[in-house]
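Visitor: Here's the letter readout for the chains.
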Amino acid sequence: MHDQVISMKTRNLPLLAVLLLLAVTDASAHSAEGLAGGFLSGLMHPVLGPDHVIAMVAVGLWGAFLGRPAIWLLPIVFPMVMAFGGALGVAGVPLPAVETGIAVSAIVLGAMVAFAVRPPIWVAAVIVGAFAIFHGHAHGTELPNAANPLAYSLGFVIATGLLHLCGIAFGGLAHWPAGKVAVRAGGGLIALGGFAFLFGVA
Amino acid sequence: MMRLLLALVLAGMPGLVLAHAPIEGMDSFYNGVLHPVLVPAHLLAIVSAGLLIGQQGVKRMQAPLITFLLVLIAALAVTGQFDLALPESTGEMLLLSMAVLCGVLVATEMQLSLMPLMAIATVAALLAGFDSSQPELQGRAKLAILTGTGVGGFLLILYAAAAAEFANRAWQKIGIRILGSWATASAFIVLAFSFASMRDL
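Protein chains in written order, with our numbering: chain F, 676 to 877; chain L, 16 to 216.
To list a few chain F residues with every Cβ distance to chain L over 12 Å, as calculated:
1) Val783
2) Trp851
3) Lys855
4) Leu867
With a Cα cut of at most 25 Å, we get these calculated SDA-like pairs of lysine to any residue:
5) F:Lys855 x L:Ile189
6) L:Lys188 x F:Ile796
7) L:Lys188 x L:Val119
8) L:Lys188 x F:Gly804
9) L:Lys74 x L:Lys188
10) L:Lys188 x F:Trp747
11) L:Lys188 x L:Arg75
12) F:Lys855 x L:Ala185
Source of the hints: derived by calculation from the structure; they are not laboratory data. Every residue gets a Cβ at the ideal spot worked out from N, C-alpha and C, and that includes glycine.
Let the sequences and hints guide you as you build the complete structure.
Guide: Set out below in structure tokens:
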């Protein structure tokens, strides 16, 4: 588990560099460290959870693989549906098997990329949206404990969007035949990662 | 698009630290200029309103922007003169509701007629103005900080609107819509949390 966290950090090194730069800005500010902490904990919650990371990257990958309009529609749909899941979480509405749902999201989304599944756009949006509820619920459950809820909320929404962007960027390789193989292989790895989380191997 | 995104992120970060408290060592006017940028609820509401107004095109954005400026000046003048202010939690919830509404409209790239745009600009300016009360300050310091808040608030909505209006390429327009969805998501979750907290009291 720890090794995987480190490997994910390495893979997202440019992103983490930006995030850490932002962190320095906060730490050197005047007061109310709790607010900065809220933002940072929100920002880091998706990034430091490998199960969240691979699923978010898979959303971007699948969007890029499907091409327009999915490449842009999915990153718009996901945060808005995730907010609904987050609202359920902060309201204390229980959602069964949240962690299982997150692991399954990686499996399904990874498999969609690996097998180059191209459903109608509304089907893709429904699949992604359904899983977004699990991710949102997991983030939302942590929100009441955050030093500043709005800061936390901004943090995890931005981090989620940037992870989508990572997937979209990698998925851009699908324009070339060899890149398409790489993208599908990436989807396969994500699906395997999802299985590892599902069965507690990771 | 990336510049806009980074600018928004960087602008939002210090504000999360400072909230409504003035920054020590900085003069009142500049504190006021930074106020709408550094308070997350103001930032979300004003930027989402600006993006929505900018999405309508240059012809339809002029009247709402002027309306925003005039109403913001009026609201700041009233709050400065009479120390009228929204209760902090109410102000934040209303600003977040505005952010949710505008964010959804931005994300769906809704084309609106002039009247709804004017109404949105008016409400956004009223909320931003009445949530910027500075009862602890007096005299020139209060005048300076409220003047700065007016300048900062107008520049913020102007830049957001300009960014959306300048976004001509398809990917740029989608980037603006993604920003709208982010604003909606952030604001909606915190609104839900606020309502849940009120229910539990």
